[in-house]
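Modelling step: build the complete structure from the supplied sequences, incorporating the hints.
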Amino acid sequence: MAGTPGRLRYRPLDLARWFIWGSTALAMAVLPLLFTQGFAVTLMSQMGVMIIFALSYNMLLGQGGMLSFGHAVYFGLGAFVAVHVLNLSSKGQIWMPVSLLPLVGGLAGAFFGILFGYVTTKRAGTTFAMITLGIGELVYSCSLIFTEFFGGEGGVTTNRVFGEPFLGITFGPAIQVYYLIALWCLVSMALMYAWSHTPLGRMANAVRDNPERAEFVGYDTQRVRWFTLIISAFFAGIAGALGVINFEIVTAVDNVGGARSGGVLFAAFIGGVGYFFGPIIGACVFVFFVVALSGYTNAWLLYLGLFFMLMVMYAPGGIASLVMIQVQLIARKRFGRIAPQYLGAAGSACLLLAALILTVEMTYKISVDSAEGTGMSLFGVGFDAGTRLPWAVAIGLWIVGGLLFNIARKRVARVWDEIQAEFLQERA
Amino acid sequence: MSAYAIELKALHKSFGNTAIIRGVNLAIAGGERHAVIGPNGAGKSTLFNLISGRYPVSGGEILLNGESITGLRPFEINRKGLSRSFQITNIFQRMSVFENIRCAVLWTLGYKYSFWHQLSGLKDANSRAEEVMESIGLKARRNTPAGVLSYAEQRALEIGITIAGGAEVILLDEPTAGMSRTETADAVELIRKVSQDKTLIMVEHDMGVVFDLADRISVLVYGEVIASDKPENIRGNKAVQEAYLGTEAH
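For the protein sequence lines, the chains are D and L, in the order given. 22 is the number of the first residue of the first sequence in the working numbering; add one for each residue after it. 1069 is the number of the first residue of the second sequence in the working numbering; add one for each residue after it.
There's no promise every hint is true.
Said to hold, decoys possible - Have a look at the derived ranges for each label pair, beta carbon to beta carbon:
{"no.": "1", "chain 1": "D", "residue 1": "G423", "chain 2": "L", "residue 2": "A1208", "range": "47 to 53 Å"}
{"no.": "2", "chain 1": "D", "residue 1": "A449", "chain 2": "L", "residue 2": "S1082", "range": "37 to 43 Å"}
{"no.": "3", "chain 1": "L", "residue 1": "A1095", "chain 2": "D", "residue 2": "R448", "range": "25 to 31 Å"}
{"no.": "4", "chain 1": "D", "residue 1": "I420", "chain 2": "L", "residue 2": "Y1219", "range": "51 to 57 Å"}
{"no.": "5", "chain 1": "D", "residue 1": "F356", "chain 2": "L", "residue 2": "Y1219", "range": "33 to 39 Å"}
{"no.": "6", "chain 1": "D", "residue 1": "L36", "chain 2": "L", "residue 2": "D1265", "range": "40 to 46 Å"}
{"no.": "7", "chain 1": "L", "residue 1": "P1107", "chain 2": "D", "residue 2": "A211", "range": "57 to 63 Å"}
{"no.": "8", "chain 1": "L", "residue 1": "K1207", "chain 2": "D", "residue 2": "K354", "range": "28 to 34 Å"}
{"no.": "9", "chain 1": "D", "residue 1": "V348", "chain 2": "L", "residue 2": "K1207", "range": "47 to 53 Å"}
{"no.": "10", "chain 1": "L", "residue 1": "A1208", "chain 2": "D", "residue 2": "K354", "range": "54 to 60 Å"}
{"no.": "11", "chain 1": "D", "residue 1": "G423", "chain 2": "L", "residue 2": "R1249", "range": "56 to 62 Å"}
{"no.": "12", "chain 1": "D", "residue 1": "V348", "chain 2": "L", "residue 2": "H1185", "range": "47 to 53 Å"}
{"no.": "13", "chain 1": "L", "residue 1": "L1177", "chain 2": "D", "residue 2": "P186", "range": "47 to 53 Å"}
{"no.": "14", "chain 1": "D", "residue 1": "D438", "chain 2": "L", "residue 2": "M1275", "range": "45 to 51 Å"}
Claimed, not checked - In silico SDA-like cross-links for lysine to any residue, where the CA-CA straight-line distance does not exceed 25 Å:
{"no.": "15", "chain 1": "L", "residue 1": "K1191", "chain 2": "D", "residue 2": "T219"}
{"no.": "16", "chain 1": "D", "residue 1": "K143", "chain 2": "L", "residue 2": "T1138"}
{"no.": "17", "chain 1": "L", "residue 1": "K1207", "chain 2": "L", "residue 2": "L1258"}
These aren't lab readings, by the way, just hints derived from the structure by calculation. Remember, predicted model here, so these are calculated numbers, not experimental data. By construction, the Cβ of each residue, glycine as well, lies at the ideal position given by its N, Cα and C atoms.
If you want it as structure tokens, here you go:
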């Protein structure tokens, strides 16, 4: 009888799960129909690749407590193996359809995970982080030595279109590549989610939280870390191969280098490593910063850095934890009360953001980009950064925004405290 | 094949120049409830750390069911059927009570490093975890994160994790330390229940608990066993009274 209430309780949860996965799949299928510009499709393709990569990274960081500074190694080596296999295949020397290439990347990633992971996962914590940094540098420096495999500075190029079209699919148009990435992304997400509910996945949590006790219930913590890393490297390799199909070029700098390793850490952390879906959000935000924002401003890296700093300082749980707090407020019918305060805070934060953007862009214009004069336009307004007025506006925005934000912040905090007090009372 | 569940032969442990365990010989029969007592700093916890593989031994031998486990790692010893609890609560703080216990049954049930089973589908692991939760009286706290349990509940969970894997030899390190009278009485009943038909070795300071539970008692003083006998004989042992029980023995 004990099982009956449990089953009744779990059924709505399962429904919610199907709903979430279903709507994710639907969104992935429909989005390119809404945003048809070529730019949007490339953006979404890159987001798909980054989602897989960031989730694979979070198997280490979030689930296994392993802070890696060299995860690009598995992404990049997966990509390089995939590009060579693709080139051989297009020459007709082996048979490997483009749609299955991610599997090649994944197996290559897993192979190097077995190899390097054996060394890195010997230790946990800071030692692990340092060794991954070393392995990352090692592989990157290898790219300068084995120029045949890594293609030197120019990298290795390829052509994803070859052979007879299958059902009219050539993978020539970007939209076909998008759907290939979306499909692999969906499957990878589902598999990684499933992994987090397996004995190995759960023991990765256990080893993260208390490695000593894990040893005393029969688990070799090194093995748990190693096997987790191999699976993580497999998915990183899938992401790498999808990157190959998307860009048709692989360079060592962009694929195995420190910037890629750091980027995935950024993405996972911004999104939130404590929740499975955190890195998915983080990957989208990160790609948006890197790809979309870099088209608008040279200072995109500065904005990304500031954003990262603010997240680490004020929301270390990432965007996911902020979302979950609101979900809880909604579930307990308190969101309506705090929403007006949020609006106030958001409004004043926009003023501060405008002040920041104005200041940064004008500074850039004057110090870096003044060869063609200091005239510029921002938000559709043309002005001259060399004159006093726009600077006065910026200072005004800083002051007014700062004052208003301070008031709004206190109001949010007050209502928040009230709600927390009510929750505590309800519990007692 | 030895008839003993645990046998220590001339066991030594030194940290630097300081000898903590100095030639301990001890044989504990299968199915026995054995208490190790002794003054602070006698090396009781160190003895447990040696037997369970937490520390490497400096000399001597440890036999589990007649087989040497000297120098094995903790997880290897655990897989051979020896499980231990800790004096300072050592649980998975961020996981729920249920998850804590399920983690402790996975290896024994053969799931090892499986990444092809879904936990929710593991009927044997889940029902075993429920069973253990029931027996340690934490069923009502099933989904509570272990870190927010009360102290006594955490101690019960500590025992639950220790016994969940079904080990034949159980080491409990001060299971009632820091508990109130009623909590201690509950803990004694719990220990009696979970150590049924198993070999139990425990370090304990509460003499009431020791004389209540133990079939035999060993007295450890400065790294040496000065007596190992039935409770009534230990109570009357002159050397023990002098060395340890002192004023408490009135």
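Evaluated hints:
no.	hint	verdict
1	D:G423 x L:A1208: 47 to 53 Å	holds, 50 Å
2	D:A449 x L:S1082: 37 to 43 Å	violated, 53 Å
3	L:A1095 x D:R448: 25 to 31 Å	violated, 52 Å
4	D:I420 x L:Y1219: 51 to 57 Å	holds, 52 Å
5	D:F356 x L:Y1219: 33 to 39 Å	holds, 36 Å
6	D:L36 x L:D1265: 40 to 46 Å	holds, 45 Å
7	L:P1107 x D:A211: 57 to 63 Å	holds, 59 Å
8	L:K1207 x D:K354: 28 to 34 Å	holds, 30 Å
9	D:V348 x L:K1207: 47 to 53 Å	violated, 28 Å
10	L:A1208 x D:K354: 54 to 60 Å	violated, 27 Å
11	D:G423 x L:R1249: 56 to 62 Å	holds, 59 Å
12	D:V348 x L:H1185: 47 to 53 Å	violated, 30 Å
13	L:L1177 x D:P186: 47 to 53 Å	holds, 51 Å
14	D:D438 x L:M1275: 45 to 51 Å	holds, 50 Å
15	L:K1191 x D:T219	holds, 13 Å
16	D:K143 x L:T1138	holds, 22 Å
17	L:K1207 x L:L1258	holds, 14 Å
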